[in-house]
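Asker: So the chains spell out like this:
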Amino acid sequence: MTTGKITEYVADGGPEDMPEDVLLRVNHLVKEFPIKRGIFFKSQVGAVQAVSDISFQVRKGETLGLVGESGCGKSTTARCVMRLLEPTEGQVYFRREREVATADGGTEVVSDVVDVASADAGTLRALRRQIQIVFQDPYASLNPRMTVAGIVSEPLIVHNVGTAQERLEKVKELLAVVGLSPEHTNRYPHEFSGGQRQRIGIARALALNPRFIVLDEPVSALDVSIQAQVLNLLQDLQEEYGLTYLFIAHDLSVVRHISDRVAVMYLGKIVEFAERDTLYDAPMHPYTHALLSAVPIPDPELERSRERIILEGDIPSPADPPPGCRFNTRCPIAVQGKCDVDEPLLTQMGEGHWVACHFPEVKKVF
Amino acid sequence: MSNGASGIDESIDAAEGISAEPVTQWDLFRTRLARHKQARIAAIFLALLFAIVFVAPFVTCAERDAYCGKLLEHPATQLRDPENGLLLVQNPPSTTRPFGTDDIGRDVLSRVIHGGRASLTVGLTTGLLVATVGTIVGALAGYYPGAVDQVLMRIVDVILGLPLLPVAIVFGSLVPQIPVLPAFLKEGAWVIAFLLGILLWGGLARIVRAEFLSLREKEFVEAARAAGSNDRRIIFRHILPNAMSPIIVATTLVVGTAIIIEAALSFLGFGVRPPTPTWGGMSAAGARVATKGFWWEFLASSSALVATVLAVNFMGDGLRDALDPTQTIERK
Amino acid sequence: MSDVLLAVDDLRTYFATEEGVVRAVDGVSFTINRGERRGVVGESGSGKSVTAMSIMGLIEPPAGQIVTGAIDFDGLNLLELPEDEMRKVRGGRIAMIFQDPMTSLNPVYTIGQQLIETIVLHQNVSKSAAREIAAQSLADVQIPYPASRLDDFPHQFSGGMRQRVMIAMGLSCNPELLIADEPTTALDVTTQAQILDLMLALADDRGTSVLLITHDLGVVAGFCDTVQVMYAGGIVESGSASDIFYDPKHPYSWGLLGSMTRLDAAQMHRLNSVRGAPPSVINLPEGCRFRPRCDFALDVCRERLPLLGPSDVEGHTVACHRAAELDLKLVTSEGAPR
Ligand SMILES: Nc1ncnc2c1ncn2[C@@H]1O[C@H](COP(=O)(O)OP(=O)(O)O)[C@@H](O)[C@H]1O
Ligand SMILES: Nc1ncnc2c1ncn2[C@@H]1O[C@H](COP(=O)(O)OP(=O)(O)O)[C@@H](O)[C@H]1O
Ligand code: SF4
Ligand SMILES: [Mg+2]
Ligand SMILES: [Mg+2]
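Residue numbers (the numbering used here), protein chains in the order written: chain A, 53 to 418; chain B, 8 to 339; chain C, 10 to 347.
The shape of chain A in the complex, shown without the other chains (with noise of 0.2 Å):
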């Protein structure tokens, strides 16, 4: 475990200072969205800074929890991680594996840390073995136009593994694992329910036998018997092939049951970052106390008698984020010419404990 100093939550530097135990290090991360106007020449009239300088670390083994509210930057996050999109500015330093030939006719596997937002095509390619993504969509993550195979063996095909009978029986073997009928190879995604679906977005993700799974969303749009299959289903496979997971979601109890650790994202930026029952049980930022405060427990006495935070208004858009501290547009405890002037930093609040806020304070929430 290492210790508290500013640099290792930053994570400032090149990827030389890169503790062994970290996996991927998220450094300084910003994407834009520019705004066009213009029929004909389109010209750019400004900017949606979806995510703003966020840096987070990943640990071997362990599921980091990215939460926060819809529009709020996680799915961006995700596509920069998987650099299904091209960061504006920072880097993705990931811990690849690689097998390389040793003088004495053998091979060994050495690890060395490489740059995912500059990786060219090939280095890119050969890194998509070891990261993969599941969507939150389990209708629109899977072609329609695509049978069960053909869907879990693409990754396989384009990286050229095995032959076409080798691959069918890895994708037989893949269903298996996802709790799916392997006999179910030729048919067409509509066949199924969301909860099986969301097993066959998994089956493909775990094809090439990836290290590092980013989960976006993965149980959200299903009902709560289902999600709990999943969730379990994640675990398992966590488990048995030693994966880590970037789980992202906007349900804190989703969370809470899944990770280690947990970073709060508002408008674009990390609020606060802690271990998970720190989080959940000693919360620092105003924004976590209130989307903690706002979440229901199924349990009616408790939910009767916990205060609730309600927040004023809604959240700013990210095209035109307020000055100062993003949520003091919101914030309960926002104090007026410090809050709406000064960007508060993330600062170390206890052992791993990072909150971005002038005025942090532990709260109880339930």
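Please note that a few of the clues may not be correct.
[To be verified] Restraint ranges, calculated between C-beta atoms of paired labels, are given here:
no., chain 1, residue 1, chain 2, residue 2, range
1, C, S53, B, D164, 42 to 48 Å
2, A, E218, B, F243, 20 to 26 Å
3, C, P70, A, K416, 53 to 59 Å
4, A, A99, C, P153, 24 to 30 Å
5, B, T38, C, T112, 32 to 38 Å
6, C, V13, A, A99, 56 to 62 Å
7, C, L293, A, E160, 56 to 62 Å
8, C, E69, B, P152, 54 to 60 Å
9, C, S53, A, P368, 31 to 37 Å
Since the hints were derived computationally from the structure, they do not count as laboratory data. Beta carbons are placed, not taken as given, at the ideal position from N, Cα and C, and that holds for glycine.
Mind docking chains B and C with the ligands on chain A? Use the hints.
Answerer: Coordinates of chains B and C with the ligands only, in the frame set by chain A:
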């Protein structure tokens, strides 16, 4: 890892009503197409039409030489009835000549059959050209937004801005004079087919582009990219199959349009030159005498035209539905 | 005057589809008292919305039909009410809020026009008086500058504000019953908290009965006095909120609670999920509909459909053959510091 670990057992399948027998895509395609009644009739009609138009003349000409085949190119030799030697002009439909004869005694049935060749050649060739060019241009423009898109779409704007008939008329008469072109391209139907191909792909390109623009943002395309698929694979294997429905529908509309434009050009006298029969040309000739009570040539040629265009459109409808895998009664 | 406001008796609403008859609601009976807040929970497809639509008289024939049953609203038999009478009840005495406010607001009219239309339709007032009432109802749902916002179009409001407008519209005629079908499902948690808080305050204030439909048990825990759990077109359990949450007697309710990740659970183990998935409502299993997924099923469960019947707790009813002998209580206490 066992199934048990994931907390799932076979009861899921039973509970979800997934049948044990997998159904192949071809099975589904056939059952869906068969369910489409209009498309079924249209398909049979078009199959017969093809057989008659492209095959029948060669098979039957030996017997029906007088009314059919090569002699049509020499109308003067076939003006007399083989029995009494009289000139056969504007004979009404009868058992021997079901569609009657035209104003210079030629058998209308055999001319309708031969005329179909021009229509179908134009329809199919234009359709093929438009589908190919329109799809490629639309796909590139939709998949590579920015400079590629801008340039391609400005070209489309220009093409769509051209007045169709005048351009077709002018170039239709200029093209055969270009010396370097191969001989078959100077024949009426082929000239028109290629001209229309060049003039009509813009609409399809726009449709395909719009389709690609929305599909490229879909999560399953991102999933393919995350798997490491390259652009070519994403375009052809992931996006294109999902854009097939609009492409097929738009193409069948183009086939219908091309057949009609060819007929219109021939009707106006700018298309395929007489004596080669075409439905448009025959409709023009038939229309001139129809007012005098000789209605059959016009009726036969224009009915053939309308029926063919309708059948092509129905076929497009049926194909679109049959190619859509979600069409098998979506389960809730 | 009786306390019962709405009594639904053996409601069966079926849809004729290409694949067969969808028995969306199949034998549902319940009552709602004046001032009661009733929660309806269940997974998607269990028939929650169709129940609400049946009460509102919004089932569209010929595909959809209420085949049997009675819906008694304060002495009126809603199923036999002529359409023009029903129109007065709908939006007047019973109001409904839907999940997606954008689809229930017409994008080409201003919020004011739509509010005023509803008010004029149900209350005997002039246009200008209606405008006053409309502005007041926007103020009631805490929309800033209500008078000027009346002239805005729906797209000029955020998702949370649109839902507040829907609540304003629903409550503008002081209905006796408010049916809210997943009113916060499309919203973020902080906005959901705002909306529920508002609905609770307004309903409390006016003594409105509420039928809150949701798939989120947490929402029900905070909002509702009584709860009914639906599964595959039927009610499997019904009772007070504490009955259902602390002492679930039906294996499905018990499984649903066990499936939930909880914000307040310090140490979570594997979730106790219900295996399998809900059946297709076209091909319902014989006997108990939950049987294929139930860990406690016996032979009798395969043979007979269990009916909703009383338990040892007053007002707590269960539809399970084994309700009396099973003790499912232990699970809800797991990890919950109560
Ligand atoms: N392709 C895009 N073009 C323009 N804006 C985008 C795009 N993708 C996301 N955004 C904007 O960026 C912000 C963050 O979006 P997203 O990362 O999807 O949020 P989340 O996943 O947390 O809900 C939103 O305001 C969204 O509108
Ligand atoms: N108009 C309709 N036509 C056919 N089936 C319908 C219709 N409306 C609802 N259903 C079916 O009825 C069942 C119950 O639906 P619903 O009441 O909407 O469920 P929920 O509990 O999610 O609100 C579902 O299986 C649904 O597919
Ligand atoms: S910095 Fe100020 S506005 Fe921001 S969260 Fe802290 S107290 Fe609130
Ligand atoms: Mg997202
Ligand atoms: Mg519903």
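Asker: Now tell me, hint by hint, if it's right for this structure.
Answerer: Structure-based check of all given hints:
| no. | hint | in the structure |
| --- | --- | --- |
| 1 | C:S53 / B:D164: 42 to 48 Å | 46 Å, holds |
| 2 | A:E218 / B:F243: 20 to 26 Å | 24 Å, holds |
| 3 | C:P70 / A:K416: 53 to 59 Å | 55 Å, holds |
| 4 | A:A99 / C:P153: 24 to 30 Å | 28 Å, holds |
| 5 | B:T38 / C:T112: 32 to 38 Å | 34 Å, holds |
| 6 | C:V13 / A:A99: 56 to 62 Å | 59 Å, holds |
| 7 | C:L293 / A:E160: 56 to 62 Å | 59 Å, holds |
| 8 | C:E69 / B:P152: 54 to 60 Å | 42 Å, violated |
| 9 | C:S53 / A:P368: 31 to 37 Å | 33 Å, holds |
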